[in-house]
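Peer 1: Protein sequence lines correspond, in order, to chains A and B.
Using this note's numbering, you'd call the opening residue of the first sequence number 1 and step up by one each time.
Using this note's numbering, you'd call the opening residue of the second sequence number 1 and step up by one each time.
Just so you know, the hints here were simulated from the structure itself, not pulled from any lab data.
Warning: the hint list may mix true and false statements.
If chains are identical, the list can't say which one is meant, so a pair holds when it fits in one copy or spans any two.
[Claimed, not checked] Calculated lysine-lysine pairs in the DSBU-like style (CA-CA distance at most 35 Å, straight line):
{"no.": "1", "residue 1": "K123", "residue 2": "K39"}
{"no.": "2", "residue 1": "K88", "residue 2": "K123"}
{"no.": "3", "residue 1": "K22", "residue 2": "K123"}
{"no.": "4", "residue 1": "K196", "residue 2": "K2"}
{"no.": "5", "residue 1": "K39", "residue 2": "K22"}
{"no.": "6", "residue 1": "K123", "residue 2": "K133"}
{"no.": "7", "residue 1": "K196", "residue 2": "K183"}
{"no.": "8", "residue 1": "K39", "residue 2": "K88"}
{"no.": "9", "residue 1": "K183", "residue 2": "K2"}
{"no.": "10", "residue 1": "K39", "residue 2": "K2"}
Number of protein chains: 2
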Amino acid sequence: MKLYDHPTAPNPRRVRVFLAEKDIEVERVSVDLQAGEHKTPEFLQKNMNGQIPVLELDDGTCISESIAICRYFEALHPDPSLFGTTAKDIARIEMHMRRIELVLGRNIGVSWVNGAVVAQIAKGRFTQIPEAKTQSDAAVNAYYERLDGELANRAMIAGDDYSAADISAMCVIDFAEQLVNLKPDDGLSNLARWRKQVGSRPSASA
Amino acid sequence: MKLYDHPTAPNPRRVRVFLAEKDIEVERVSVDLQAGEHKTPEFLQKNMNGQIPVLELDDGTCISESIAICRYFEALHPDPSLFGTTAKDIARIEMHMRRIELVLGRNIGVSWVNGAVVAQIAKGRFTQIPEAKTQSDAAVNAYYERLDGELANRAMIAGDDYSAADISAMCVIDFAEQLVNLKPDDGLSNLARWRKQVGSRPSASA
């Protein structure tokens with residue numbers, strides 16, 4: 001089994017953190033994104049989306065989409081559970097994780113593809129729309145404020161316990177800060193408290 | 001238990017189709033979207049995103065995000081499984097469902113918020129960016145072609161069997177055709193074959 005990976009991309013990091021929380025070791029293959037290795041015909045056979053991470057099983061089956069890879073390992077190694085075990089917990093974690101991805105993550109993605117770093121490293125691959133970035137930057141900052149309010153009432157993103165929703169949120173917010181110039185305002189103290197907590201888990205540096 | 005619903009919105013339909021496939025009946029409450037009932041303080045208590053569907057349990061717990069609601073019912077009523085039972089099936093279905101949502105569904109959403117119907121029914125709620133719609137329309141049509149190619153090699157979206165990925169794909173494509181003016185080209189015969197198959201299941205009219 002092999003995990004196609006890259007040290008700074010946010011989605012492979014989600015899988016690495018997830019595996020670290022479950023204490024699972026998987027052989028990793030680093031994909032050279034700058035050289036476009038994820039867009040070669042050989043790699044597109046593994047994932048036609050041309051993205052990492054990809055988990056290649058010993059029988060040749062390739063699984064892409066980081067959460068799909070995480071669910072594969074959750075099914076094989078259910079403890080500790082990161083997607084919930086009761087119907088209500090499963091639903092609650094999925095709800096919060098999807099909000100993080102579909103609202104926060106999506107807007108961070110829009111700011112990223114229309115931003116300065118992409119303009120430099122992927123010249124010509126995207127037609128950038130500055131107005132879209134203005135909208136998404138505002139949406140990201142509004143979501144940070146909302147999360148800060150939510151985290152006044154609970155320890156973690158989806159409730160009292162650490163879950164896959166925390167992994168998703170940590171990875172997208174760290175990415176936004178480091179590569180999209182969208183750092184949460186220092187005044188958002190609940191969000192800062194949560195970031196410190198999840199960021200100091202040993203898995204965070206996986 | 002109550003499901004907050006609307007007859008023509010695509011996300012509540014995903015839940016209705018899912019419930020019909022599992023032969024589960026749930027009391028439904030229709031939310032008047034045109035009157036903005038989903039944006040009232042009372043409704044925002046149920047889902048701060050101001051969106052439907054929402055499943056309200058008898059203990060007052062509210063679950064939003066259609067797939068989170070579906071996972072709640074999958075956990076309580078595992079047969080027939082629509083999210084898979086083995087690690088590999090779970091991962092495969094999640095992978096295909098996420099591709100449908102994160103690429104196709106996301107672009108249909110961009111075409112929708114920047115399109116003619118929204119300009120009419122939600123005047124002023126969105127600042128529309130025509131250039132974003134040009135990009136997303138092209139991405140949707142490219143995805144239809146890709147899906148057509150995939151469906152040359154397998155019966156359903158995620159493999160041989162009907163799954164939650166088919167429900168997601170059917171609901172977003174029907175929505176795109178009916179309300180976003182993005183009908184798949186008639187020449188895409190594999191996609192047309194699949195649409196006919198899933199659309200003729202009794203659940204499709206739920």
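Peer 1: Give a verdict on every hint.
Peer 2: How the hints compare with the structure:
1. K123 with K39: within (15 Å within a copy, 41 Å between copies)
2. K88 with K123: neither (46 Å within a copy, 37 Å between copies)
3. K22 with K123: neither (39 Å within a copy, 48 Å between copies)
4. K196 with K2: Within one copy only: 31 Å inside a chain, 38 Å across chains, cut-off 35 Å.
5. K39 with K22: within (31 Å within a copy, 40 Å between copies)
6. K123 with K133: both (17 Å within a copy, 21 Å between copies)
7. K196 with K183: Within. Shortest intra-copy distance 14 Å satisfies the 35 Å Cα cut-off; inter-copy 47 Å does not.
8. K39 with K88: For K39 and K88, the Cα distance is within 35 Å only across copies (25 Å; inside one copy 40 Å).
9. K183 with K2: For K183 and K2, only the intra-copy Cα distance (33 Å) is at most 35 Å; the inter-copy one is 39 Å.
10. K39 with K2: within (18 Å within a copy, 46 Å between copies)
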